[in-house]
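Protein sequences, first through last, are from chains P and U. Letter 267 of the first sequence, counting from 1, is numbered 267 in the working numbering, and no numbers are missing. Letter 312 of the second sequence, counting from 1, is numbered 312 in the working numbering, and no numbers are missing.
By construction, these hints were calculated from the structure, which means they are not laboratory data.
Intra- or inter-copy, both count: the list cannot distinguish identical chains.
Straight-line distance between alpha carbons at most 20 Å, and here's what the computed DMTMM-like set of lysine to aspartate or glutamate pairs gives:
1) K219 x D88
2) K63 x E286
3) K63 x D47
4) K281 x E292
The structure presented is a predicted model; accordingly, all values stated were derived computationally and were not measured.
Protein chains: 2
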Amino acid sequence: MSESVPPGIADRMTDIQPFHVMDILSRARLLESQGRSVIHMEIGEPDFATPQPVVDAAITALKAGRTHYTPATGLSALRTAISGYYRDSYGLEIDPRRIVVTPGSSGALLLALGVLINPGEQVLMTDPGYPCNRHFVRLLEGEAVSIAVDASTGYQLNAAHIERHWRAHSKAVLLASPANPTGSIIRDDSLREIVETVSRLGGALIMDEIYHDLIYGDKVQSALNFSDEVFVANSFSKYFNMTGWRIGWLVAPERYVTHIDRLAQNIFLAASTPAQYAALKAFDAETLTQLEQHRQELQERRDYLLPVLQNIGFGIDAIPEGAFYLYADCARFTTDSFAFCRDLLEKVGVAITPGCDFGQHLAESHVRFAYTTAMENLQEGVKRLKDYLA
Amino acid sequence: MSESVPPGIADRMTDIQPFHVMDILSRARLLESQGRSVIHMEIGEPDFATPQPVVDAAITALKAGRTHYTPATGLSALRTAISGYYRDSYGLEIDPRRIVVTPGSSGALLLALGVLINPGEQVLMTDPGYPCNRHFVRLLEGEAVSIAVDASTGYQLNAAHIERHWRAHSKAVLLASPANPTGSIIRDDSLREIVETVSRLGGALIMDEIYHDLIYGDKVQSALNFSDEVFVANSFSKYFNMTGWRIGWLVAPERYVTHIDRLAQNIFLAASTPAQYAALKAFDAETLTQLEQHRQELQERRDYLLPVLQNIGFGIDAIPEGAFYLYADCARFTTDSFAFCRDLLEKVGVAITPGCDFGQHLAESHVRFAYTTAMENLQEGVKRLKDYLA
Numbered sequence: 001m002s003e004s005v006p007p008g009i010a011d012r013m014t015d016i017q018p019f020h021v022m023d024i025l026s027r028a029r030l031l032e033s034q035g036r037s038v039i040h041m042e043i044g045e046p047d048f049a050t051p052q053p054v055v056d057a058a059i060t061a062l063k064a065g066r067t068h069y070t071p072a073t074g075l076s077a078l079r080t081a082i083s084g085y086y087r088d089s090y091g092l093e094i095d096p097r098r099i100v101v102t103p104g105s106s107g108a109l110l111l112a113l114g115v116l117i118n119p120g121e122q123v124l125m126t127d128p129g130y131p132c133n134r135h136f137v138r139l140l141e142g143e144a145v146s147i148a149v150d151a152s153t154g155y156q157l158n159a160a161h162i163e164r165h166w167r168a169h170s171k172a173v174l175l176a177s178p179a180n181p182t183g184s185i186i187r188d189d190s191l192r193e194i195v196e197t198v199s200r201l202g203g204a205l206i207m208d209e210i211y212h213d214l215i216y217g218d219k220v221q222s223a224l225n226f227s228d229e230v231f232v233a234n235s236f237s238k239y240f241n242m243t244g245w246r247i248g249w250l251v252a253p254e255r256y257v258t259h260i261d262r263l264a265q266n267i268f269l270a271a272s273t274p275a276q277y278a279a280l281k282a283f284d285a286e287t288l289t290q291l292e293q294h295r296q297e298l299q300e301r302r303d304y305l306l307p308v309l310q311n312i313g314f315g316i317d318a319i320p321e322g323a324f325y326l327y328a329d330c331a332r333f334t335t336d337s338f339a340f341c342r343d344l345l346e347k348v349g350v351a352i353t354p355g356c357d358f359g360q361h362l363a364e365s366h367v368r369f370a371y372t373t374a375m376e377n378l379q380e381g382v383k384r385l386k387d388y389l390a
Numbered sequence: 001m002s003e004s005v006p007p008g009i010a011d012r013m014t015d016i017q018p019f020h021v022m023d024i025l026s027r028a029r030l031l032e033s034q035g036r037s038v039i040h041m042e043i044g045e046p047d048f049a050t051p052q053p054v055v056d057a058a059i060t061a062l063k064a065g066r067t068h069y070t071p072a073t074g075l076s077a078l079r080t081a082i083s084g085y086y087r088d089s090y091g092l093e094i095d096p097r098r099i100v101v102t103p104g105s106s107g108a109l110l111l112a113l114g115v116l117i118n119p120g121e122q123v124l125m126t127d128p129g130y131p132c133n134r135h136f137v138r139l140l141e142g143e144a145v146s147i148a149v150d151a152s153t154g155y156q157l158n159a160a161h162i163e164r165h166w167r168a169h170s171k172a173v174l175l176a177s178p179a180n181p182t183g184s185i186i187r188d189d190s191l192r193e194i195v196e197t198v199s200r201l202g203g204a205l206i207m208d209e210i211y212h213d214l215i216y217g218d219k220v221q222s223a224l225n226f227s228d229e230v231f232v233a234n235s236f237s238k239y240f241n242m243t244g245w246r247i248g249w250l251v252a253p254e255r256y257v258t259h260i261d262r263l264a265q266n267i268f269l270a271a272s273t274p275a276q277y278a279a280l281k282a283f284d285a286e287t288l289t290q291l292e293q294h295r296q297e298l299q300e301r302r303d304y305l306l307p308v309l310q311n312i313g314f315g316i317d318a319i320p321e322g323a324f325y326l327y328a329d330c331a332r333f334t335t336d337s338f339a340f341c342r343d344l345l346e347k348v349g350v351a352i353t354p355g356c357d358f359g360q361h362l363a364e365s366h367v368r369f370a371y372t373t374a375m376e377n378l379q380e381g382v383k384r385l386k387d388y389l390a
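Turn these sequences into a full structure, and let the hints steer you where they fit.
Here it is, written out as structure tokens:
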């Protein structure tokens, strides 16, 4: 996955890849500007508007002049509100001091890895997985260890994987539940074993739980239900429909908080103030009612899309239980998933994401469908795929 | 300046210092909550509200549902508007593709250093200087080389400094004009020499120009007036009074832009969308008229504060020509500037920032005054200082 960089550019940029989906998206926008119709199933962003109470809270804050810096760890009231969320959703008491408000979960992951990873230290993660994870580790001169996963373990690492791949220089395990691109989740028993194993090995567990409220079967527990020693990154982007606001949070073990505060002061100063005031309304009853409707709509989309894609000939061998993605084997149609995605866009106006955005393991034979567009669009996209691939 | 870190925490955190002013600020807030009056001259944030046209633009965007991700490099219209700013302010034609919108200038500095600095490579900067600069370099496993400066070179590096300190592993020079904490600027002739010297040495020049519109004498040119090969970080925070919005920008040499885009995609996704729509109105005539009034008010504050502090006995041996800071020698009163700041706060309710926040060079005998509070507050603060130090 490496390429050469021009002289003067840091070596790390050899390994930091662009999102290939951006090429697809740019091309799609160009086609649309030329009058072509494109069905967008490439975008990892819900199509729902930010809930009105949240928008209204931002407007109220702006009118009141709330545009100055907040503390680096975020508004005290927001940290308390997030603590309340853990109480209501997970039955957990999390000291607000352990909660740091961040510029999106990107900021949370950078802080967690920044206080943990020395150069050369390893972070274990899945392949396929969220591509930024390995790039954060590379930025910090650590080593991302991508472990191939498949349906046999529900596209997640388990305790045995971690034991098997742990080395002297391993420092942390970074997992997402539900995961991008597979929508797979980690069941409570497996998560407990993972927490215990990483702890026994002397490592740190970083959980990305940004899709944790977008689960379509039985809810699962947060990693925080099993330990106060894990790092949990979360976000207002996905479930709360606040992508562009850039606001998330990190829950950290208590002894790391001083250092996280210090790093945040230096590299971010703070998260966006209007976004923080907006997020104060994210947990209100009216907001949560809307969000639950969105979750149900996403579930209907998944329930529609999964069997029809299988019928067309895409291989989806583990039911995706969360997020808004289906990761599908397209080997029946192509040996080059990127070319396949370009073809689908050019020939029938269906935009999806090639597997190479998520790692190397079987990337050439996989694509990601995002069901972040309305049902009628999904139906139209399916019709086009069916006609073209028949 | 190093301290030990607990086991499990990355070594870099040994060197990444908190802002000591945060202790002062927290203590000040506590005293205020107990009914004490505190004059705030510690805060590096203008007391002006965000201009109304900017706030209104954000509200309009929010009402129109502009809450989704933008491209990682920012809204095309905003990049074009920033290009127009360089045309109007500096007579420069900057291709909007070379302009990347960032989460504050913090984001701009992280991107510039991220694409430039390999582990062990050196970045030359001033001591005293903005503390985050050396911490960004440390985060990336580079080496910050802090060069002591004083009034003899206007508290800035010059070409001779750079020649003298340049080593095989030197990669970049990072300067600010006007600078924090000294308010010093780099005159055109010196800047031209610096640009030429860094270029001849094969290094990269990164200029922090976030206070560039807050200059109280003759304007100076941007580093971009001398070369297309420099990196310039700028921000809507200070001059445009948009601190809490977290929005800035980076102008980069063309051949770096692809890599900067790629890094931004991975570590930020994008800057806050409502903030970007707000910033579209930052260059409007009505906004600029307000901002010019603010600049004049800041100049009046500086013109008041500089001589009265000198009369009290603070040493200010180079006239600060920009930003909103005075860096003052307090050796007549103390050999421990941090204790002195604590004392001033406890005894007379005047909050200022100790020199140790800006480096090591004579830090024990220096403090920073920020004139980010109204004239009547500055007058009251001066009265308290005069009475206490008499």
